[in-house]
Structures are given as C-alpha cells and as structure tokens.
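Below, each chain spelled out in residue letters.
6 protein chains.
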Amino acid sequence: MNSHTHEMKAYGDIALFPGTASPELAGKIAKYLNKRLCDRDVILFPNDNLFIKLHESVRGKDVYVIQTTSRPVQQNLMELLISLQTLRLDSAARITAVVPYLCYSRSDKKDQPRVPITSRLVTDMIEVAGADRYMTLDPHAGQVQGFFSIPGDVLTAYHTIVEYIKENLLDNLTDPVVMAVDLGFAKKARNYAEALNTPIAFVEKRRVGNDSKAEALTVIGDIKGRDVIIVDDEVDTGGSISQAIKLAREEGARNVYLAFIHPVFSSNAATRLASLDLTEIITTDTVPIPEASLALFGDRIHICSVAPLLSEVIIRAHEGRSVGELFDE
Amino acid sequence: MNSHTHEMKAYGDIALFPGTASPELAGKIAKYLNKRLCDRDVILFPNDNLFIKLHESVRGKDVYVIQTTSRPVQQNLMELLISLQTLRLDSAARITAVVPYLCYSRSDKKDQPRVPITSRLVTDMIEVAGADRYMTLDPHAGQVQGFFSIPGDVLTAYHTIVEYIKENLLDNLTDPVVMAVDLGFAKKARNYAEALNTPIAFVEKRRVGNDSKAEALTVIGDIKGRDVIIVDDEVDTGGSISQAIKLAREEGARNVYLAFIHPVFSSNAATRLASLDLTEIITTDTVPIPEASLALFGDRIHICSVAPLLSEVIIRAHEGRSVGELFDE
Amino acid sequence: MNSHTHEMKAYGDIALFPGTASPELAGKIAKYLNKRLCDRDVILFPNDNLFIKLHESVRGKDVYVIQTTSRPVQQNLMELLISLQTLRLDSAARITAVVPYLCYSRSDKKDQPRVPITSRLVTDMIEVAGADRYMTLDPHAGQVQGFFSIPGDVLTAYHTIVEYIKENLLDNLTDPVVMAVDLGFAKKARNYAEALNTPIAFVEKRRVGNDSKAEALTVIGDIKGRDVIIVDDEVDTGGSISQAIKLAREEGARNVYLAFIHPVFSSNAATRLASLDLTEIITTDTVPIPEASLALFGDRIHICSVAPLLSEVIIRAHEGRSVGELFDE
Amino acid sequence: MNSHTHEMKAYGDIALFPGTASPELAGKIAKYLNKRLCDRDVILFPNDNLFIKLHESVRGKDVYVIQTTSRPVQQNLMELLISLQTLRLDSAARITAVVPYLCYSRSDKKDQPRVPITSRLVTDMIEVAGADRYMTLDPHAGQVQGFFSIPGDVLTAYHTIVEYIKENLLDNLTDPVVMAVDLGFAKKARNYAEALNTPIAFVEKRRVGNDSKAEALTVIGDIKGRDVIIVDDEVDTGGSISQAIKLAREEGARNVYLAFIHPVFSSNAATRLASLDLTEIITTDTVPIPEASLALFGDRIHICSVAPLLSEVIIRAHEGRSVGELFDE
Amino acid sequence: MNSHTHEMKAYGDIALFPGTASPELAGKIAKYLNKRLCDRDVILFPNDNLFIKLHESVRGKDVYVIQTTSRPVQQNLMELLISLQTLRLDSAARITAVVPYLCYSRSDKKDQPRVPITSRLVTDMIEVAGADRYMTLDPHAGQVQGFFSIPGDVLTAYHTIVEYIKENLLDNLTDPVVMAVDLGFAKKARNYAEALNTPIAFVEKRRVGNDSKAEALTVIGDIKGRDVIIVDDEVDTGGSISQAIKLAREEGARNVYLAFIHPVFSSNAATRLASLDLTEIITTDTVPIPEASLALFGDRIHICSVAPLLSEVIIRAHEGRSVGELFDE
Amino acid sequence: MNSHTHEMKAYGDIALFPGTASPELAGKIAKYLNKRLCDRDVILFPNDNLFIKLHESVRGKDVYVIQTTSRPVQQNLMELLISLQTLRLDSAARITAVVPYLCYSRSDKKDQPRVPITSRLVTDMIEVAGADRYMTLDPHAGQVQGFFSIPGDVLTAYHTIVEYIKENLLDNLTDPVVMAVDLGFAKKARNYAEALNTPIAFVEKRRVGNDSKAEALTVIGDIKGRDVIIVDDEVDTGGSISQAIKLAREEGARNVYLAFIHPVFSSNAATRLASLDLTEIITTDTVPIPEASLALFGDRIHICSVAPLLSEVIIRAHEGRSVGELFDE
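Those protein sequence lines, which keep their order, are chains F, W, A, G, P and U. Just so we're aligned: the first sequence equals residues 0 to 328 in numbering that gives the first Met the number 0. Just so we're aligned: the second sequence equals residues 0 to 328 in numbering that gives the first Met the number 0. Just so we're aligned: the third sequence equals residues 0 to 328 in numbering that gives the first Met the number 0. Just so we're aligned: the fourth sequence equals residues 0 to 328 in numbering that gives the first Met the number 0. Just so we're aligned: the fifth sequence equals residues 0 to 328 in numbering that gives the first Met the number 0. Just so we're aligned: the sixth sequence equals residues 0 to 328 in numbering that gives the first Met the number 0.
Same shape as in the complex, but just chain F (with noise of 0.2 Å):
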C-alpha cells in the first residue's frame, strides 16, 4: 500500500507581500528565495485612512506579509492587519504574518491591576484579520506564544549573534563577562555567557526608601578589569543602559560592548547611545535604524541580518520541511 501524495500542498506557489515598515528586509528575504515582492498600493489618506489594493490576484496562493511593527506602531499594526483582511478576502490559500518585531510584547502580564494585557490584543487582531500563521522573532517572552490560538514559529536571533561575537569578536578580548541589565533577562544572559565560555554578571535595581522613583543599582558578579558584553532583548529609550554603562566603568570594567536583537531606538536613544563609551554594538535588523541614527554610530555598529533565517522557515514552511533543524534541534 503506497501513497502517491508525497511532497504535495495545500497552495500554490509562495507570494510575499512587502508592508511598507521594512521594506529593505522583504527586498533582501526575496532576493534569498529568488521571488519578487507582490505590486501593490499602501495608501493614507487625508483623513488618515489606510487603504490597500493588490496588483494581482493571490488566489490560493500560500501569502506571507513581511511588516514589522515598530514606530508608528498604530499605523505599522493597523497596515498589516488591513493587509491580512485583504489576502482572505481576495482567496489567498494560506496566509503567515511574518512580524519580525512584534508590537507590545511586554505588554504580557498584568504586573498591577487595572492594566491591559495588549500582547493578547494584538495577537487576537493579528488572529481576527485573517492570519493563518505568524512568524516573530525573540517576544520579550516565550508564552506569547501560547497568546496565538493559531500555529507560528518564534524564531530567535540569539544564535545569529553569538556566531557574529564568537566569528569576529570573542578572541580580541580580555577576560570577557556577559552582563544583564535587568534580573529578568538574567536567565537568558546566562544562555550567552554559556555559549561564550565566559562568567556572568548582573545589574540589581532595588528602590531606595519609600520613594518609589529613586533607585539604587549594584553589580553582582565580577566585572573588574574584564571586558564587559552587555546583552539585552531590546533597546528601547536606552535609559537602563546607559546607567548600566557607567555603573561599569564605575565598577571598573575595560571595554564594553553591547549586544541586542531589536533596536527600537525610542526618544534620543540613538544619540545618547552613540554618545556613550561603547566598543562595539551588536544588533540585528529586525526594526529598520534610520540612514541618520546609523550614521551617528559610524562603523561601531553592526547589524545581523534575520534575512536569511526568516527566508529559510518561510522556504521550510511552504515546502513542509522540518524549522527546527535549522538550529540543529
């Protein structure tokens, strides 16, 4: 008894559909998978309506929309849910929002009463609008995922940039530390540390008296003398790191270097970073920088492109091939 289905489809041929938030990463995802990007228009009107119209039709075709979510956050969102609502209406077969920054995944608990837990509400939306799938890379946490009632993969850059670290930087060092900003990311900073061979170390806010504004920050863990990288999820104002920063050169740190996937680089972020007595910056290109915040960084900065690792799990997707071993697992 033989099946004679193997390798076959629920869809057609990929189309990815670029939003208008990162157009140079859908350019560089089609360029790996040798596709062009679906023609369309992305449209605002003067009473700040978005309106979308396809060029083609996607008719059971199997549509991946390229958007990621950072600032404008409303608008980034709002496009991407227009456009899933548009490709199930116009009969796409199966439709992946591939969201390589998702919109307020820190947004995932309720830590005090009386607040929202907006990670759901957008994962609802994203679900509502018609997504049959999603792809995202590092959520401030793992559970967003339990958020989806539908599947995705939750990809990760971490190995992307512990390859750049180990590749071009990890032997120029000095008795390298790995060091959290935050408790939270303690446990994943140990996951650098140990994929790096070096020591770990920590920045403990605690407040100080009743007053709830003012806090005291102390380093636990050995530093002195070291080169110091500092890893993070996200930069967002910037705020934490830089007290960071001088709470190591206080502590008597050597060089220090920064390492961290989504650079959403709010407010002054990108001066103050330049600003700061930074080695190295280490990021990733899943929220574009501005030509201008990039040119303040010179050749201190280096972005990993997530490119090539979201073309290989939207290439494994459509063809029905095994994500996980990508990563060896």
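These aren't lab readings, by the way, just hints derived from the structure by calculation. There could be a bad hint or two in this list.
Given that identical chains are not distinguished, each listed pair holds provided it fits within a single copy or across any two copies.
As the list claims (entries may be wrong) - No more than 20 Å apart at the CA atoms, straight line, and that leaves these computed lysine to any residue pairs for SDA-like:
hint	residue 1	residue 2
1	186	218
2	186	317
3	187	153
4	204	183
5	245	93
6	109	301
7	186	206
8	52	19
9	108	39
10	187	141
11	223	311
12	109	315
13	186	205
Chains W, A, G, P and U: place on chain F using the hints.
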C-alpha cells in the same frame, strides 16, 4: 403567579470611561447624566506604545467607553481597543463602546477586486477586544449594523439637524431646495427634503471619455433662484462640496447652506470650506473641531451636540427602557 | 531556491452538487464546464422534513452547491443548508455555496426599531452549515459581503445586461434615457447610463400629508419623447415598476424597456408585467421563471444566462486564478 | 460575612413572545403565568419572505419565544430563528427558545453514509440566531441535549401521560400490557410498563429474504386476551401504528389504546388513525391538531396539555429555582 | 475545459503517531499500511505531568494519532489531547484523532437532573486540542457524531464480528438465538439476529416494589434448548452479563456464546467472565486486554482485530476515496 | 438623573462547590465566608469514569468550584472540567473555577521544537468546559493570564509569606540573604529581598563540556556566615533545592530557611526535604500535604493558608468590589 424581579439589572451602576479623542463630548454626557467620569491614565510612551491604567475598579459595573475614532485614526482606534480589553480584564459586567464617528465606515464593500472591507475588520476588532455592545451615529451605510455580531444602537443625528433647520432657518429661506452632492446620498437627501417640505436636486458626476480622471458635473433638478441646502453625511477633504457649491452658483442658486453629520475635516478642509460662499454650516460634535478651525467660520457654523441623544440612549440602555420611543417609533 | 509546488491545489476535482431550486442553471454550468452533476436524492417527506442522500462520496472534492433561494424561500434555503452539512460530514475538502439569488438580501439593516437583519442571519446560517466560500450575484447592497466571515465572490450580471443592450437594442433607440424607479438605485442607474452613454432620470416617491400610505410620484430629469430604459436590481410584485411605467407614459415617454437582474416575480407580477406597455424586458436566470409565466411575454422577454459567468468563476476559483481579470479589473 | 444579593436576577421581567405555529399553547402559558403575550407582527410577504416587528421594546427582558416546529416545518423554523435574532438585536437580556416539538430530531445520527445530521444543524441554527437557552419536550433521543452548546431544559410529557392513564383508564383495563411498535422504543416502553405495573411486549420488524422492502412483523411477548396500550413518542404518517394494531388484533388482543407525545399527523394520518379499532388515543398539544382532524376522533382522543409543565419551568427558570424538583428528582 | 488538479491532496504523506494506550493496535495498523510509526517521547514526570516530544517534524503531514481511551482513562485522554496540540503547534497539515474506544460515550444525555454530558465535554476537548477529524468505533449511541463539530468517521466492528460468527461458529450451533441483556440494545440485537438469521430474545430488568436497588429479571422470547448468542456493545464490570448467563441457564439455554465490541473489563470482570459457563467469547482489540487476563480464557476467547478496518479507512481518508464503499454502502 | 440599580448583581447567591482534591481548603473558605458547601456526589466508577451529581439545583447561582490540580493531576483536572460542565448544564448564572495550584503552568512555552504548550491547553479546556471566570495563585509565569480568554484573578501568596517571615522570623536572623535556586526566579527573588530588606544571591547552573547532563553550580553573591532564605515558587521533586542547600553549606551559609508557594512534593520530595539541614520551611495550602508527609517535618514547617485571601477575593468578585484594594493597589 407574580415575578418579583421587575426592573432589576444584570450589572451595577453606570461608569463613564472617557477616551482621549473626544473629551468635551464625554464631559457633556457626564454632565447630562449627572455622573462623574472615571479616573484613568492614558499614556503614549516614547516607543509609541499606548498604555492605560484605571484608577478605580470597574468590577461589576455597566461601563460606557466614549471614544470617537477621527484623526489620528489608528491611535484613537487602538486606544479604544486597549480600553475595552482593560475593562474586560478588570471584570466589568457589561461594556459598551460608544463611538460617535466610526472610522473606516466608508470601506464597507469591495467595489473593486482585491481591496479590503476595513469597516468589517474594525467591527471584528471591537468585538474581539471585549465590547458587549456598541453605539454609533450615522455610519456611511446602515448595513454596518450587520457587520457586528453584538447588538448595539445605530443612532442618527438627522432628527437633530432637521429640528435645528426647521426652528432656526427654514422660515427665512426663499424657495428652498435640498441638494445631494452624490447620487449615493439621493435617498437620504429625499428624507431631508420630505422633512423640510422642499423639492430635491442632485449633482451627477460622470466620467468624460476614456479618461477616468476627468469628470463632468450636472445638476439634476431645479435650483435656479432658490436657497440651496446641501446635505451629506460627512465632510472629509471638502472637495466634492466645493465643486457642488461652485456648480450651484453657476446654475443660479441663491444662498447656499451646508448640513452634514461628521466634520471629519481632513487636509485643509476647514480653510477651504471657510473660503466658500456659504451662508451657514450645520454639523455636530461627533468629531471634535479644533479651535483654530472653528475660528475660521466665526458665527457661520452651528454645532448641534449629540451629547443629549447619546446620554438618553445610555440611560435607557442601562435601565432597560426602549430607545425607539426617543424617536416616536 | 525554487519551489516545486506551482499550481497545486488543496483539494481534489470539482464536484457540482445541484440543488432542486435551479436545475436548469446547474445543467448549463455543468455543460459549460464539461462536468457531470453529482447524483443525489433530495426528498421532502410527508412530515415536511427534507432529506438528502449523496449517491457517491465527495471526500476530498472541491464541491460547488448550486442552489438559488427564490420561492419557496424557506424550503430552498433549508435544502441549501442541509446540503452543505451533508457534504461537510462527508468530508468534502472545500465547499462553495453558489447562490445566484440570495434571499432576504433586502433585509440588510434596521431602518426602523425592533426589526431583524435577516440577511445577516442567512449568512450566519450558511456559515454554520459548513460553507467555506460563497458566490452570489447582485445582492441588494454590496455590504452583504461584510456580513460573511468567509471569503467569497460577489458577482454582478450588470456587464452581461449592458452588453446585451449595447449589441441588440441601443442602435435602434431614439434619444434613450436610463431611469431608476427608486432613489436608492440612483447610483447604480448612473452606471448603466454611463455605460450606455445616455442621460439619466429618477422617479421620486414622497409621502403626501400625514397619511403615510399616500405617495406622490415625480419624475426628476427629462424623458419626454425619449425611449426609456428602466433599470432595477429585481422585480418582486412589480408594483413600483407599474407605477413608473404609467408615470413615464404620462410624462411623454416614447417606448419603455425594462432591465433587471432577478426575476423574483411574486404574486401576479408576471401577469401584471405582461399587461404593461413594455417593448422589451431584459433579465437573467438567477431565479427560474415558470414556463407559464414565460409564455405570457412571448418574444418580449430576453433572458441573459448567468451560467457562463458562474462557470468561469468556478473554474478560476478551483484553479486559483484571478476572477477580477474576467472583468478587465 | 453576608451577601445581600439573594434572589436577584440578571434580567428584567418575563416577556412571552408567541410564534404563529402554536398560538393556543402560547395563550395557555400566558394564562397560567398571568402574563400577557407580546404584541408583534409576523408577516409573510408575497415573495415568501418572513418579516417580524416587535410592537414594544424587550430591552433587558427575560424573553421566552414559544414556537413549535411542526408543519410547515421550514417556515415555522425560520420564523423561530428570525424572532430570536430580532429579540437579540433589540437587546433582550436573555432569550429562551421554547420549542415544544423540535423538528428534525429523528435525523440525529448518520445511520448510513452520506446523509445529514439535520438535528445538529437545527441546534446550531438556533444558537447562531441568538438563543441563550432552550426548552423542548421528548426529542427522539435524549442525546440531542449534547448537540446544543447552550444550556437548556429537555422535558418530558411522559409523567403527564402516565398520570392520566393511571387516574382515568387503568382501573377499567383487563390484564393490561404495554406494547412498543419498534424495538428502538423498547427501553422507554419498559418505563411505561413499570409505571403502570404491566408486562411488556414488542413488535419486531425484520426484512424478508433479499428484498429490502418486504418486512415480517412478529409480536414478542404475550398480548392474547389482554388490553394493549401501544406507546410511542410520535405519530407521523401512522403507518407503523396501523400495522401494529392489525397485528395485535390477529394475535388476540382485547381493546387497544394508543399513547404518544407528539401528534405530528402527516399525510392522512388522522383519517387513518380514526378508522382504526382504537378505544382511546392519549396525546399532547406539543403540535396543534387541526379542528377538522380532531372532529374525526370525537371523544376517543384525549389531549394532555403541556402548558402547565412549560409554565412551571419558565417561572422556575426565570426565578432561578430548581426545575428538577418538579419531578421529585 | 479541463481541470488538471485530479487526485491532489491538501497535505503531505501520512504520519502515524502512536499513543501509549494501544501500542499493539498502532503496530498492526502501521504494518497493514506498510508505514513506520513516528518516533516520539511520552513521559510521565514524577509530578504526574505528561510530556510529549516529537523526534521528527510533522510539518505539512497528514497525521493520525492512534490512542484508545480505556483505563487509565484520564491519563490516556490527556495524552491524546496533548498529542493533538503538540502536532498542531508543529504545523501538521491535518490531524485525525483515531480513538478506537471513545471514553465516556455512555454519559451522552442527562437522564436525571444535575448530571454532566461528559461525552460532549470529551468531544469539545478533542476539538479544542486541535483535531481536524476523528475516527472511532461503536460509541454507545450513534448520536455522538452530532456532538462533534468536526467531520469524522464513526465505524463499527459489527460486520467483523458477524462475519467471524458466520464463518466459524454458526454451522455448529443448535437452534441459535440472539439475546440482548438490556432493552436499550434491542434494536442492535435485532440487526445481529437478522444477519445471523436467528430469532431474538431480551432480558428485561424491572425494579421490585419501592426498593430501587432490587431488580427482577425476565427473559422475553424463547431460549429453551437453544444455543444463545448474547450480544452487547461493551463489557464493563460484567455484572449484567453474569446475571443474564445465570438466567439463561435457569431458562434452559443450551450453550452460551458472548459477542461484544469493547472489552473494557473493569474491576475483576475478566476473572468473573472466565469463571462463567461460556462456550466462547468474541470481541475486538479496541481496548487492549492484559496478557494475564487473556490467559484466564485460554482458547475460549477470539479477538477480531479492528486494525484492517482502521487501516482501510485511514488510507481512504488520506487519498480522498469513499469509506462507505468498504461496507458496500 | 439618577440610576436606581446601584449594587445589583447579575446572579443569585454564592454557591461553593467543593472538588475532592482540596477539601480542607474548601472547608476553610466556607467557614470564612460563613456559607455551607454544596452537597454533591463525585464518584469514580470501576471503569475509571468520573461521575458528578449535584444534590441541589444551582440555577441562577454564582458558583465557585474549588479544586486544586495537584496529583493525581489528570483526575483532578478532569473532575474540575466535569464539574464546570455539570454546573453550566444546570444553568448556573456564573461559574468561577478556583484553582489554587494550576497544573502544567510550567509548560507555558516551546523552549525546544516539537513540544506542547500544555498550559494553554489547560486554559482552553477550562473555558470549553464552561468557566466564566477563574482564580489561581502564583502560576509559573504571569503570562498565563494571557492564555485565558475569560477574565480572572491571578493572585499571589507572596504577600502572605513575606508577612509571616517579617513577623515571625526576620528579627532572629543574622545577616539574612535571599537566594534564588534558579536564574529564572531572579526577578521574583529580588522582590522578596527588597521586601525583607536583604541582599540577594543566586545559584547559577551551567552545563559542563559537551555532556548535557553534567552541570556545574556556582553561587553568585555573598552568603558566607549569613542566614540564607531560599525562595522559589514551588517544590516538585526537591532536587534543585537539595543541591542548593548543599552548595550553601559548602559556601559557608549559617542557617538555611526555605520559602515557596506550592508544596507539590512529587516522588520522595517530603522525605528528602525533611532530611536536609533546614531550620524552617514556609509554604501554603494550595496543594494539600498528606498527614504522613507533614509528620516528617514536625514543627519545622509552617503552612500559611490561602483561604482568607481566596475568600476575600470571592466575596469581592461576588459583590462587584475591587480586588486590587486588598493589596493597597
């Protein structure tokens, strides 16, 4: 056999939750109902993330979120949705989204292939965020009621505007005629004409030749020497209105009045309208008009507040009394 | 990197399941597609229970249920629903409800308090019974697309009718004018007028005095001495049409033609229409017209079949090709 | 610690909404509960479209729709569904579908391939239309409770019928025996026999040879010289009953009585039953029997009304009191 | 017009995922289908938490989870559910729960107030965990099909058992009679009797006096001097069977045979059955019988494997071929 | 305008439904609230089927099911689910699942490919069974709130334990330090340290070489000569705790205390813990500790009951009062 449950309710007292998009309207409703507005924080963080925190519990309450969804559309909509989720997670007994102007209601059908029905997406989002009911005024088409799976009240400011015209303008007009600027508004214009006991006229637009951009305008019906009351449901950029007024002048109209529900006023609409030869503009406060724009009109604009109408419907919804009887229906 | 899944489908071959309400249309579609119709029993038991039994398995098939929902409306609708469930329980891979005339589509909004939106109920029922997709023609309002949560194709026979008029009638008409019998149809009538390059006219109805039953009719626009093409979406009892024709005659119209999509023909509509001074009636086969009724019109009626249109859309939906390109869109 | 919410309800007063299928039963329930019936229009338009309009608001009410689903089945069912939606859209607080005879309840499993489970379709439709709860009597199989996702009360008129027989007939019977006309009713027949303290007998049907149409009937159990009480859940066309009575006579039965819940009476069932040698028929008013049919039986029929039972359950459901205690359970 | 999609499928190859409850059956199916079983870990941690890990990706596969839900019921059920979710999250294209014995299927209606319908709860859980389809054999009542919202195949081992009896036993029996131990099984027993061309008998149980515990048993029908084939759907504790056999002996039965589908064998059922005067037991492997229990019966038990039946249905479901034709239906 | 509905509720009185997993805790809650527990049967039949029967109706009640989900996990969970369904089918007005220890909450993300997120499955099951709300304490990660679609109260016994330590232990400790046994608990440990005004230390585990089984443990932070308070959220087998205590001793700790929320105590955890050099263990009654285990600890264990906390939240939830104010939030 006698039931002793007369006039009981499934929830506690009314709570009025004011969004940031229409604070004045919320204030008027609170005043009309002699209730105070809920205390809450609505914060837009530097990373463009919205955050909401209630200052008091709404557990078991009958909550009304008052938030219009005019510009900035995406932000006001997202604020509405996060508010709904926050209130739901805080165990409100019933939550009603009161949205005087419901965004994207013109994107209510696929009038060409491969476009969204964003209005349905918006109703889905409002439901998934946690609304039990909704209230809105004069959506582009009444069919939007059928987009919602939850019950709600689709109200109209039509009576309010007709009443104002009858009591304040009509006696002073010479041979008044109601004119629609678009054939899609013909039926509603007829209702105005019938209520005001005037004849009716329409502007017909037609494409010229094969050039889809060029349009020829014609007035169907008799407006010569008459006072013309142009009626519409909203003024967006004001382009069609401007054309219609110019055409009316060419066709020999006497004075021109303009009545519409939603002062969306995109782009430079206010400036454009203010420069036209309009005797009086009648509209409502479903969308707040900036002070600067208002100043352009001087006393040539009259705003009929929808606060009394919304307040009456809220109290009736809360007490389980008929809303229809408000309109002698 | 090259995907080898081009043009694959999520289901097996097409299966055409004919309901009992429109057997001729189903037959024409089968012939056009060169497919046979599924064998099945549809039995109405003495207790008024409908029963359906498939004679062959549809497991894995791409099934199209062809069933219009004209009179007897409730029975035809229930047959459609039971068919959908039967096919779903028999493990069809995809089921499309092809409903040329979608019943209750005029009950699409609450235009007075305390009434249903039966059209939304009908779409909910079609979904809960198991349809994955739907196709229909010319619903009363395009917004019904937003009532469905499933994707579908809302088609129009407008092009078919316009094409017929252009090729067979237009050259012989004297100063033709398109006339709508209701202001709610004004915009669609404009499309006909634009396509046929004619002016346009409307019948306006208005209540007289306080008596809500008495109506005054007026023609807006110029029809005197012209050949009048009355256009509408359906003819139900034919009451408004009769009034409009009589009025047209009074206003000096030359010959009168009547074009509409759905020949619902309730009550004695066929007899009434046949007795009117109409030169030609153009309609479609979305609703089957009984032989006896057809005979009343002799060669004064022309039926444009929608079978080619539906067939082309079915084959495109099955093969994942664009439907929009059928209309040069 | 003491809660002061004792005996409060989640809704306002009871509203009884009468469908058109069982007006007498609705009237009896209203009388029993000392309530008036809601005013409403139920109109069947010439195009076979049903339309419902409430004359008064039910906002916040605890509404009971009383509508049986006997012939015309599709129309009565659709009227029930439209009623439910209308009441939901009018913001009723809780809606209970009271369906004394639930149509299609015999289509409750696939006993052959490629057939529907229409009973599940019906329960899905009732839920999607907006019922919060349901009540019904003696469905073909109790498992239909599991088809509903909403809670409800599946009641039985069994006790009512047993009580009637015990008080009015049993003393006058000679060696009574309960007989089931179908083995599928054997277990329920045993309950009747146990309650009436009689032995039991069954009619067994078996196909003869390879001809699936020919059936041989046998009585299993002793009925010779005894008064036979045939019991069943419904009488449809009366075919099986007629065969069973004829067979009973051949086997030497004395007088024959017939007791069943639902007088469906399809086809010429009433005429057929009236012509049989039956001493008395006991049934209920879950399905209204036309006057003309009733007249055929004279005083040989007794109708046990289910109105008191339904009324008691309605008032208990409304007041949150136990329904089970009605049956000493 | 010719479609080139003939015989394509919506998924990749078959994957057989074996649960731990019925490994032998899974093995037989794999052998029949000439497929290997998926590698996976199923671990029960010391804290009683079940954990599952797939050793290979099932992305895009057509997966069949083979897991019966006999004792330990809760653990086997939970393992099934976790397996379904794991496979869904790993992006299987289609998942079928193959549950030879579906637990709780006797809890399928509320036959008294304030009890659960656990069978519906189980079907809800299977769906929420992620099954797209299901297969099961001989649930207590066929109506359980209506509990599922997903399509599936409810199969029966009835033909398998009848075939075995016809080919191996029937010729050697003396005046055989089929006997049901419960009136609720009367109709199914009739099918056995018809297929084996024997008469039929029933055991009737009736409560004695007011003591609800005491029961009187009677045989209805003639078994004296006959070989009796007792038929049932499952043997749980074996209590009713023991009583029935004892009664049969008292009533003069010759040899007694016992045929049933599910060998649930609770408590000391195996020991009890083995001690009874039974000539042969015929059952299936929907529930695995422990070696020690099997040994008690020696060659007095015959197990008809359902593996060929399930295998044939799996391959037909996978290839989109008719399952009904397996049964000449 | 004044609403007279102040403080009304959508349901009747509180009903406390005790599961069998935590009868003592249920008893304490009943006592605190001065309510009696509902009478019900919970039966485990020989075939391993659970059965529940309420002795009294809960129609219209506000029911709280108190059932923890410790070992036997699958049985306790299934009992919870069947209870929820039974109460829903009996028409309870609102049902809250009170689950002090929520099973599988550590399986909350896919930290490797091809594994389940069982915690989300559990929340789905609780919802599908019929819970309207839930309450639980200290799940492994707060994000589990986002797994639920229903609102609920995620509580913590952290304040209770901190309060106990402050009032009973802290004054007698020498240079106390809080220590986390896992970096994943670092942030919560910081909260304990801040509340108790102590420094903090962590145990870091790291894999040794390529052997994934061998782990090296290090203490980060200063514990020499100090009283160490080890904090964690649960003790399962006690393996990590044992290692940590041994390590603490090696590093020169003075006395060691152990505080944690959930005494899961799998395997021989109680025996193992009792044999360790621990001065005092502080835990709660979210999981009942068997008498025999308790006896092992003598007076070295202190159990802070969560009954007062749960009771206060239940009464607030019932009366629609703020729960947050319990914690001065």
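For a quick check of understanding: which of the numbered hints are violated here, in increasing order?
2, 5, 6 and 11
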